[in-house]
Amino acid sequence: MDSLDGKILAELQRDGRLTVTELAARVRLSVSSCHRRLRDLERTGAIRGYRAVVDPSACGLAFEALVFVSITLQNRGTVFEFEQAVAALPEVHQAQRLFGDPDYLLRVRTADLPSFQRFWDEHLAALPGIHRVSSTIVMKEFVSERPILHQPG
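Mapping of the sequence shown onto the working numbering: residues 32 to 184, in sequence order.
In short, the hints are calculated from the structure, not lab data.
Just so we're clear, the structure is a prediction, and the values are computed from it rather than from any experiment.
We put the CB at the ideal spot given by N, CA and C, even for glycine.
Keep in mind that the hints are not guaranteed to be accurate.
Unchecked claim - Derived SDA-like pairs (lysine to any residue); straight-line CA-CA distance at most 25 angstroms:
| id | residue 1 | residue 2 |
| --- | --- | --- |
| 1 | Lys171 | Gln148 |
| 2 | Lys171 | Trp151 |
| 3 | Lys38 | Arg59 |
| 4 | Lys38 | Glu53 |
| 5 | Lys171 | Val123 |
| 6 | Lys38 | Ala83 |
What the hints assert, rightly or not - The following label-pair restraints were derived from C-beta to C-beta distances:
| id | residue 1 | residue 2 | range |
| --- | --- | --- | --- |
| 7 | Gly37 | Asp152 | 41 to 51 angstroms |
| 8 | Arg177 | Met32 | 13 to 23 angstroms |
| 9 | Val85 | Val51 | 23 to 33 angstroms |
| 10 | Ser166 | Asp86 | 15 to 25 angstroms |
| 11 | Thr103 | Asp152 | 12 to 22 angstroms |
| 12 | Arg67 | Asn106 | 42 to 52 angstroms |
| 13 | Arg48 | His162 | 39 to 49 angstroms |
All chains should be modelled from the sequences, with the hints used to inform the complete structure.
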């Protein structure tokens, strides 16, 4: 990946709906050269996909909590079962396995505190291999969807 590829990625992160013609103009390449680089970035996985950034509150998911989970046994079976169960929960919008304690960080979105409590009681507490669960409520998000690559401009 060179600086032109970085510029292409930065522009697409700013506006993923750019046409190849608009993108080529912004990065100062011919349309054919830009199109070739774009396809290479997609083929190699540097670009994993395109999507809309949706406001969770507009979809009725105004409540967000960070949930920290420690599991009992860190063997392959327990980890696999836990991760599969978490992946099946639509309220979990992001899940990360961590080094150290806790073992996992889950970003959970629900409509409100009572629905989060129901989610906790009915789903989190029933996850396989749970040793300890704690959570904190997100007060305010002030950095979101930050581009991976940033080009001045």
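Evaluated hints:
1. In summary, the hint linking Lys171 to Gln148 is supported, as the alpha carbons are separated by about 20 angstroms, within the 25 angstroms threshold.
2. Distance hint between Lys171 and Trp151 is fulfilled; the C-alpha atoms sit about 21 angstroms from each other, no more than 25 angstroms.
3. Our distance criterion of 25 angstroms between C-alpha atoms is met by Lys38 and Arg59, whose separation comes to about 10 angstroms.
4. With a CA separation close to 13 angstroms, the supplied pair Lys38 and Glu53 stays within the 25 angstroms bound.
5. The suggested pairing of Lys171 with Val123 holds, with an alpha-carbon distance near 18 angstroms, which does not exceed 25 angstroms.
6. Restraint check for Lys38 and Ala83: the C-alpha separation of about 20 angstroms stays at or below 25 angstroms, so the hint holds.
7. Range check, Gly37 to Asp152: about 47 angstroms between beta-carbon atoms, so the 41 to 51 angstroms window is met.
8. Between Arg177 and Met32 the CB atoms are about 19 angstroms apart, so this pair conforms to the stated range of 13 to 23 angstroms.
9. Between Val85 and Val51 the C-beta distance comes to about 25 angstroms, which sits within the given range of 23 to 33 angstroms.
10. Taking 15 to 25 angstroms as the suggested C-beta distance range, the pair Ser166 and Asp86 conforms, at roughly 22 angstroms.
11. Evaluation of the 12 to 22 angstroms hint for Thr103 and Asp152 yields a pass: the beta carbon distance comes to about 20 angstroms.
12. For Arg67 paired with Asn106, a C-beta distance near 47 angstroms keeps the hint of 42 to 52 angstroms intact.
13. Here the CB-CB span from Arg48 to His162 is close to 45 angstroms, well matched to the stated 39 to 49 angstroms.
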